[in-house]
Each structure stands twice: as C-alpha cells, then as structure tokens.
Amino acid sequence: MKRDLQKVRNIGISAHIDSGKTTLTERILYYTQRIHAIHEVRGKDGVGATMDSMELEKERGITIQSAATYCSWKDHDINIIDTPGHVDFTIEVERALRVLDGAVLILCSVGGVQSQSITVNRQMTRYRVPRIAFINKCDRTGANPARVTRQLRDKLDLNAVMLQLPIGLESDLEGVVDLVAMKAVYFDGDQGDKVRIEEIPAGLQAEAEEKREELLDAVSMFSDELMEVMLEEQTPSEEMIHEAIRRGTLSLEFTPVLIGSAYKNKGVQKLLDAVNDYLPSPTEVENTALDLDNDEAEVLVTNNPDDPLIALAFKLEDGRYGQLTYVRTYQGVINKGDTIVNTRTGKKAKVGRLVRMHADQMEEIEHAGSGDIIALFGIDCASGDTFCAEGVNLSMSSMHVPAPVISLAIKPVDNKAQANMSKALNRFGKEDPTFKTFVDHETNETIISGMGELHLEVYIERMKREYNAEVEVGAPRVAYRETITRRAEFNYTHKKQTGGSGQFGRVAGYMEPLEEGEYEFVDSIVGGVIPREFISSCDKGFQKSMAKGTLTGSPITGVRVCINDGSYHAVDSSDVAFQLASVGAFREGYTKAGPVIMEPIMKVAVEGPSEFQGAVMGSINQRRGVIIGTFEEGNYTVVEAEVPLSEMFGYSTVLRSLTQGKAEFTMEFATYKQVPKGVADELIKAYEQEKKNK
Amino acid sequence: MGFEPLVQKNPLRILKLGKDSTSEMGLVMARAGLGKTALLVQIALDTILLGNRVIHVSVGASIDKTRAWYDDILRHILQEHSVTNPHELIDMIGRHRMIMTFKESAFDRARLEERMNDLIMQDIFKADCLVVDGIDFDSVDRATIEDVRDFAEAMSLQVWFSATCHRGDERVSAAGVPAPCHEIDDLFDTVILIKPEDDKIRLNVVKNKGEVQNGDVGLDLDPTTMMVKKS
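Order-wise, the sequence lines are chains A and B.
Under this note's numbering, think of the first position of the first sequence as 1, with each following residue one higher.
Under this note's numbering, think of the first position of the second sequence as 1001, with each following residue one higher.
Misleading hints may appear alongside valid ones.
As the list claims (entries may be wrong) - In silico DSS-like pairs for lysine-lysine, Cα to Cα no more than 27 Å straight-line: (1) B:1103 x A:662; (2) A:347 x A:464; (3) A:350 x A:411; (4) B:1103 x A:673; (5) A:211 x B:1103.
Please keep in mind that the hints were generated in silico from the structure rather than gathered at the bench.
Fair warning: this is a prediction, and the values are worked out from it, not measured in the lab.
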C-alpha cells in the first residue's frame, strides 16, 4: 500500500526543561486518540505521562531519552520524537533533529527564551529544520506571550510572528483568536476536546486587526499572490495566507508562533493544525547520503517508495521485548521478511517484527513506506548505522558527535553487579555514541566518559534501576590531552642481545604539530634502510605511544610523525623490534617537542536577573573563564563565556547561592585549549605522585 | 606579541590610529548595508593588536552575530597574511575583547557605565577602547553624546560610534558630516564616511584627529570581503 507522502509529518518537540513538552505530547496523543486518558508528568495517579517511559524520567519529571510515537490528525500521519531538555543529552536532541523534517519549539510563556532554547535553536539551524513555536503555560501567573515572541526575534534571531492572540491570560485564559481565520477559538469540556468557534470578542477586535496586519505584512513577502491582493487592498483568502506561512516556514525565514496551555487543554488542536499546515512532508526536505563506492560522494535520496531502501537507525533501546531499533526510512519500502544490509558492517539481516511505536506500547505493522519512522526487532547494529536494500552501498551523512569531556571510575559492589554492569555498559555504548567506556589496565578500574556530570549520573542511575548493577563511583575526572608545540628530531636504536634471539631496529625522523587531526604517519624511507615489512611496525609503535603522554598520562593528539632513516639487522630485526624502536624514538622526540597539556573548554551560558550580572561575571572570572559577551534586555541578562571544564564542578551550587537561586546555566563542549603553566605544573605533580603511590 | 607586521601592514595606519588616540571619539557613517560594522570591527582588531582591550557594544544585535563579524574579518586577515601561530592570535583577541549586546530599549549611558565599572572593580576587564554599534542617532540628542564624551575622558577611553545616514536627507554640516550627526560633528575627533562610488566603496575621511580633511585618503572597502584596502 502506498501512502500519500504529502500527508506525513516527522516532527520533533524540543525545548527548555520544564517548559511542558511532555505534557503537550500527552495532550497531542489524547486529542489524536492514541491514548484515552491524560496522565500528568508528576501526576497524583502515579502513572506518569505516556512519553516518559523510563522509570528515572518519571521520578525526576524530566525526559531523558526521546521516545518515538505515532499519531494521526485530520488525515495526516504524524511521527513525534519527544526530546530531552537538558543540554547534557544533546546527542539525543541532535539525533532526533537529524531524522526529523520539522519541529515544534516549545517555550514557557513566563520563562521565555532560556539558554537551552538557544542551544536547541542553534541545533535546529545546523540541521536546517523548519520550526513552529508554541508558547505554552499561558495560564501561569506572569504569562506574556508577546514578550516571548519578541525574545524569539531578538535572542534567537527568528522572524517570529504570532498567528494567535490570547483571550484572557494567566488564570483567565479562555482561548485564542485565530488571526488567519479572524475567529475566536475556545476549548470546552473537561479535557478541552470540544473546539468552539465564535466571533472575536468586541474588546479584542481592534488588537486582532492590528496584529493580523502585522502578520500579513510579514508573510506577504513569501507569496506574490498575497502581496498583489494586499496591494489591491482586497481581503486575502485563508488558504492564501496558510500557503504564504507555509512557504516562509519551509524556507526557514519565518517562524509561526502559536499559543496556549497544554496543562489547561487550550490551543493544542490548533497547534496540530499548524503542524499539518506549515511543517514539511518528507518529500519537501532534501536529504543526502554518502556513496561508499564513490569516495563518499553525496547522493540525493529520492523519497521514492519504488527506489531501493535507504534507512537510518537513529536510536536503540533495550526494552522488555528485546532490542528495539528505531529507524527512519528515506527512500524505498521496508517489509516484514525483507533482507536488508547494514552498510557499515556489510552484514545482512532479515526484518522480523516491524512495529510502529507509541511511547512504550507498540503496534505490529507489515511494511513501512519512505519517510516513515518505525522500529525493528532483533537487528544487531549501532546507533547511526544505515540499512539499505541489497546491492546499494550508501550511508546517511555522518552525525556530528562531540568527544566525551568528563570521566568517572566505577566499581561494581559484588560479582552479580559486575556481570550486570558489563551488560549495561555494552548497551549504553551502542545507544549513545557520546558515552564511552574502557578499562584502565593500570588501575583495573572501569572508566565511563561522557558529556557532563549529569549525563554520567543518569547512566549510573540507569545501571542501578534497569540492570540492577550497584556501583561505587569515583570523583569526576577531566579528559585532558597532551600535544606537542614544535618540531623535534629523533634517532633511536633498539638493541637487545642478551640470550635467545636478539632484537635490533633503528628508527630516525622527526615529529611536528599537526593542525587538523589526531595523528599522521609519514613514511619517507628510501633505499630500503627499513624494510617494507617493518614500516607498519613503526606506525604501530608510534600509535601505541600516542595512548599515553609523559606529562599526565593523558592521550596525545595532533602529532605528525615522519620517519626518514633507520637501519636493520638481517637476523635480529623483527616486527616487535621495530615497534619497540619506534616507542623509544617517540619518547625521545616527544620530550624535545615541547609537550603541553590541553584541557576541555566549555561554552557556558548563564542567565538570570541583571542585578546579578556582576556576581556572575566575577564567578566566571574566578574559574579561569573568558567572558565572550553579555546580552541585556530589561532586567534580564545572559552572560556567555568559555570556561575550563575542570573549574565547573559544583558550579550549580555556587551559582544558586550567588543569585538566590534566580540564575541558571547550561554548558556544552567548545574546544580543547592549552592549560596555563601554573595549572600544568600542578597536574604534572599530581601525576608524579599518583605514579609513586602505585 | 609578534603580531606587529599585521599592525604595520594595516591600511588603516593612514589614519594614525594608535595608543595616543585615548579619549578621542570617532564616528563611522554610511547608509545601511555599506559596511559600518565591518569597518568598526577592523578598527577594534587593530586596537587589540596594538595591545589594547576593547569593549564592543552592539545595540540590537546578538552576541553570536557580533562575534561572527570578528571571526569573518579575522579569517580574511589570516588568509591574507601568514601568521606563525594563528591559534595564539585568536586566543589573544578573545581575551582582549568583550562583547556587550543590549536590546534597544535596555541601552543607556548609565547602564553601560555601571557595567564597565563592575568589570574594572572586579578586575575582570579594563577597556581602552569602546566601540558602539547600532545606536539610532535620529533619536540621540547632543547632551547624550556630550555625556559619553565626558565619560570617555574620565575613563581614558577611545570611543568609536557608527551612525546610519539616509538617502533622502540632504542636511550636512559645514565640515561635510551628513544628518543625523550634522549638528554634533564637533564632538567627534575623527569622522569617516563610507560612500559607494561606481563599483567601489570609498572611505572618505571628513575629519581626522580634530582636523577637517579633504576626504579622499586613498582607502576603499573591498565589496566582497568588506576589508579595508588601499585604492
């Protein structure tokens, strides 16, 4: 069965934590009749909202993992990904944005555009996701949707225009004025499911006309037809206005703003109409894949269900029914029983069960068309893998995956916990590319690393709850790196002739800083002074040396090694001999190459009342931070800075006491920078001490 | 610092900008979209390369947008000149520049002074130069600019403003400074007009260091890169 792709919407719901996106999703599912009762996020009924399927999410009242769900509204199929609101989980947000065609940006009508909204908006811009804004919580004291719309323009640089006016605000919120239809819309009944259309109240008529003019002025530039009608001073039709808004939204040059209160059941149905009317169908979004047979050349995917299958696995979950792989199809059709190929591993897999997900419930389906978001059972893969029909060797463009910046040592409390922990870590590593795990062979500790304190904290909690793995946790450690600052020569001979077969190898050349990339090996050996078969041994030896620097034992990055001379012995030279010679050569060159320690620098945004700006800047300054800039509007300030991660531990507590709990901050990894000398000396001293203690 | 060649080769040297410009006020004027911000950013970067610290105030623009101007101009500089350690230069500029952005309604002299004093008192940032971009001179009176001049003198600051002039407005001062700054041009020591001429964008220096000039100093803005170059 072929679906009308024009009537498919793949949308994400992203926003600042606590702006009510899970509540909104819950209402959407209710109005689209996917659920038959509404549960609140922190509701008294103890059920929790449908999209918050993970235990921990329900307890904390926040969404950690995005759960995909499907619903249908007025003849349109809508796939929704609920996305987490904390910046530590942005890989989830970024992954969701990669597979989505459009998004709803939710804002709190009191809190307005907060730092996380800025981060999410930046991510949406990076992936060119058309968006509509929904100003939620208009029933709250202090609600001011007009101010939030201005913030969308000023802080997010969006051409945001309200399509609605509130009828009453705060506890008097009754409904909205639709500025396109010029009608008042009320949401009656206990659950707001009876939509009543009336004339605009007399008291709002003048304001509505003025705001409609503003709206028409803003959208007329996206439609010549509308522009002409307006120049002739005629009344444009609703369809004409919808079409202009749609064009503006798809071009990312216009952001329609809708308002309401999901909690009070107001405005949600109009938001769903807007999703259908203004957000793109899969055919309206350009997606590209990389041709693995043609030097990764970009290929436009067709969205055509008759073409061979291309699908991206964007999320894995280990649920009660086994491993679940969330997949977005970009072209072709996926049928139960089909054989598909993982282009990363080349492994074939047979599609067993195919399901459409509804948070943690599911619906069995026989096939899924191009542009759909569905889930597969029993497919072994990693997040980000591409599945194609046999004979096609394409990969969806790689996702931007930031490197982990913080690590923790964890130790299982008993043998049972040990086994469960391994299971959990294996699963998390597959689910989340920013979560890494390894065993430090010197301390025999298991190290987990990720994007922030909260990121790791959540995984530790999940280990405990979902896998029954109780672990002891060490202090957080910053992921330092080492690099070199100048060119240095080496010439090292490895010689061992004490008993048994001897070892001999001489390696000479130089190392120099590499601007882009981690490591480069250049073979400039001529005349066979090092035989061909031992060149790769040298490369191996150098790579081994890169794993641990001499200053702090951190990995070394940004080094180009060039070998241009050497010698060998017909009997005593071997793979091992040249590897060891290269390790020695690296050590010799490294000390002369001006090694330095690099530390992760975070981009930090602190926002709060202007009266605390001085205190906030002082606190950043004390943390070796560089203030990039400040933004002020009324009594509200954002301070943006770059601060070393090592200085940010415990900052939330400090900020809370400095600002009476009125300011908050977000941070994301920005770059690695050289550690100042004083700090470097301390780190080196601590490493020496650590080595002595072992 | 090792960046002297960048300072020496800068075509802006013709204007004799330098350490002795303290307490001077400069003005860049042009119609919308001709490159006022680009020129201000180049003046700010030159000031930083001379070892000074700059506060860049953007009224009505975001931090990201303002920072992007610096990144773009710096990229052009690095493309044009070979710099041994570009990362050091980028870091140094980050440490010597602070961006302050204000919503139009939130900006006034008192608030700016309060912020700058805060930075000095906590030993966070002591500026030598203030660049103010985006002020609407149509709604600024003489007293406000006089006030800024006093403030600049008190803090030993060099200050640069940008102002937008309008196509239909023919008003002009005796020195040749167009509206809306024609009645306050005596408050500025240096005034640069950016004017399109055929396919070129000329920098006309109307006043330099308090002296009225004949205009043409042989400087243009490259219309593609917005970089200052010799005509």
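We went through each hint and held it up to the structure:
At most 27 Å may separate the alpha-carbon atoms for a hinted pair to count; residue 1103 of chain B and residue 662 of chain A meet this at roughly 21 Å. A distance of roughly 33 Å separates the Cα atoms of residue 347 of chain A and residue 464 of chain A; the hinted pair therefore is violated under the 27 Å criterion. The suggested pairing of residue 350 of chain A with residue 411 of chain A is violated, with an alpha-carbon distance near 38 Å, which exceeds 27 Å. At most 27 Å may separate the alpha-carbon atoms for a hinted pair to count; residue 1103 of chain B and residue 673 of chain A exceed this at roughly 32 Å.
Under the criterion of a C-alpha separation no larger than 27 Å, the hint pairing residue 211 of chain A with residue 1103 of chain B is consistent with the structure, at around 22 Å.
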